[in-house]
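Whole structure, please, built from the sequences with the hints as guidance.
Here the protein sequences come in this chain order: C and V.
Going left to right, the first sequence walks through residues 0 to 192 as numbering that gives the first Met the number 0 numbers them.
Going left to right, the second sequence walks through residues 0 to 224 as numbering that gives the first Met the number 0 numbers them.
For the record, the hints were derived by calculation from the structure and aren't laboratory data.
Possibly wrong hints are sitting among the right ones.
Derived lysine-lysine pairs resembling DSSO-like cross-links, with alpha carbons at most 30 Å apart [what the hints assert, rightly or not]:
id, chain 1, residue 1, chain 2, residue 2
1, C, K180, C, K89
2, V, K4, C, K179
3, C, K26, C, K69
4, C, K121, C, K26
5, C, K180, V, K4
6, C, K89, C, K179
7, C, K23, C, K121
8, V, K4, C, K137
9, V, K4, V, K27
10, C, K137, C, K180
11, C, K137, C, K121
12, C, K137, C, K179
13, C, K179, V, K27
14, C, K23, C, K69
15, C, K180, V, K27
Residue strings, one per chain:
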Amino acid sequence: MSLIEEDEALIAAALNGSAYAWEKLVKRFESRVYNLGLRLTGNPTDALDLMQEVFLGVYRNLHRFRGDAKFSSWLFRIAHNKAVDMNRRKRLMTVQSRPTSEDEDEGFDIFPGDAREEPEHKLNEIETNQRIIQLLAKLPMEQRLVVELKIFQSLTFGEIALMQEISENTAKTRFYTALKKLKDIAEDQHVLS
Amino acid sequence: MSCPKTEHLLQEYLADDLTAVARDEIEKHLLDCADCHSELEPLLMTQASLRGWQEQRVPHWNRSLNLFQHEQRSAANARGWSAWQWLPTAASCAMLAILLLNVSVLNDEQGFSISIGDRSEANAGLDAAISALQTQQRAELQELVTRVEDRLDSNSVSLLRAVMEQTQQTTAENFEQLYAYFEQQRLLDLQDMRVGYEELVNSDYETIRSLQQLATFVSYEGNVR
Chain C
0 MSLIEEDEAL IAAALNGSAY AWEKLVKRFE SRVYNLGLRL TGNPTDALDL
50 MQEVFLGVYR NLHRFRGDAK FSSWLFRIAH NKAVDMNRRK RLMTVQSRPT
100 SEDEDEGFDI FPGDAREEPE HKLNEIETNQ RIIQLLAKLP MEQRLVVELK
150 IFQSLTFGEI ALMQEISENT AKTRFYTALK KLKDIAEDQH VLS
Chain V
0 MSCPKTEHLL QEYLADDLTA VARDEIEKHL LDCADCHSEL EPLLMTQASL
50 RGWQEQRVPH WNRSLNLFQH EQRSAANARG WSAWQWLPTA ASCAMLAILL
100 LNVSVLNDEQ GFSISIGDRS EANAGLDAAI SALQTQQRAE LQELVTRVED
150 RLDSNSVSLL RAVMEQTQQT TAENFEQLYA YFEQQRLLDL QDMRVGYEEL
200 VNSDYETIRS LQQLATFVSY EGNVR
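What follows is the structure, encoded as structure tokens:
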């Protein structure tokens, strides 16, 4: 059974009230949604809130899923809309000024606890993710979403264009512009290795 | 950036949905065009660096179906309408009905009545009452205007009279003063004239005396010879 067929089976079972099928469906996508939340919000609390809102939206609208698109695309459309709503309410992860080397980590502590107690490979993970979050924070939300959906979720520009209610060419331009901006910022800061 | 194709080509290349033929064409151009190549490489590196994101484990959370069913019910209850929430809607509908259906409410000596649609007889009585009220209001307004005008007129007359009296009084006083002045001048002139006359008379008298003395001397001289 392919992944898509498995998704459809789980959806059907969840709609019939199967708690097991529902939890399996959630576990299949929760990591991607949670990490999407981390990249868009910059902190675990908001990322968890976003994830819960996304799955609540999925649950409420599961009966409307017709199977004419991939379930993942449908789910990330909900994730996109929830992120837009949350940004409207909370102004997620706006960076007012260029961070200096002293305050580079300020405001984007995605790992609770003392980082000095973490093993080295974990510290490297933390640093890499922090840099990516800081870079993404420099983008306006619509560009951030395009980068997230294209690079991290591998959606097509057609799917992204539908979500953002723009043309496919505009979605491509938005992605190109965002990538150029990230490149320029990274070069200025010598951030990315 | 001097190559005019750079932006368009790189957008298409990064879009990752090219046909094999289109991709070959672009890659051929990238080999030949230093501008496009130098523009593309850093973008690809940026993309690769972003993909270096390290997936984080999801913290513990309640993913059970019961939770979502409960959330769904809570949301449905929150969206459900209580009796109180119907009131504003009912009020809005009533107002809309009044506007659209031309509902009229009449409280007269016959009692309280609500009518829907165009009721000419009811409206005629109402129109007559309104006309009478308007006529009465016009009359009262006219009377008020007249009284105000009269008051203004009497105020003006009183003011004018007072001014005239004051003016007359001032004029009389001026005349008296002028008369007194002239009188005083006349007396002074008379006095001057008297003094002058007296001096003239005295002068004449001295002349006469001198003439008399001369005559006396002349007659004495004549007698002596």
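Tested hints:
1. Restraint check for C/K180 and C/K89: satisfied, since their Cα atoms lie roughly 24 Å apart, inside the 30 Å limit.
2. Simply put, V/K4 and C/K179 have alpha-carbon atoms about 16 Å apart, close enough for the 30 Å limit, and the pair holds.
3. With a C-alpha separation of about 17 Å, the suggested pairing of C/K26 with C/K69 holds against the 30 Å cut-off.
4. For the hint pairing C/K121 with C/K26, the CA-to-CA distance comes to about 23 Å; that is within 30 Å, so the pair holds.
5. For a cut-off of 30 Å, the pair hint linking C/K180 to V/K4 stands: about 19 Å separates their Cα positions.
6. Between C/K89 and C/K179 the CA atoms are separated by roughly 27 Å; this keeps the pair inside 30 Å, and the hint holds.
7. Restraint check for C/K23 and C/K121: the C-alpha separation of about 28 Å stays at or below 30 Å, so the hint holds.
8. Restraint check for V/K4 and C/K137: the C-alpha separation of about 28 Å stays at or below 30 Å, so the hint holds.
9. A C-alpha spacing of about 13 Å is found between V/K4 and V/K27, which places the hinted pair at or below 30 Å, so the restraint holds.
10. Restraint check for C/K137 and C/K180: satisfied, since their Cα atoms lie roughly 9 Å apart, inside the 30 Å limit.
11. A threshold of 30 Å between alpha carbons decides the hint, and for C/K137 with C/K121 the separation of about 25 Å falls inside it, so the pair holds.
12. As the CA atoms of C/K137 and C/K179 are separated by approximately 12 Å, the hinted pair is consistent with the 30 Å bound.
13. Annotation: proposed proximity of C/K179 to V/K27 holds, straight-line Cα distance about 22 Å (limit 30 Å).
14. Simply put, C/K23 and C/K69 have alpha-carbon atoms about 17 Å apart, close enough for the 30 Å limit, and the pair holds.
15. Between C/K180 and V/K27, the direct Cα distance comes to roughly 26 Å. Compliance with the 30 Å bound is thereby established for this hinted pair.
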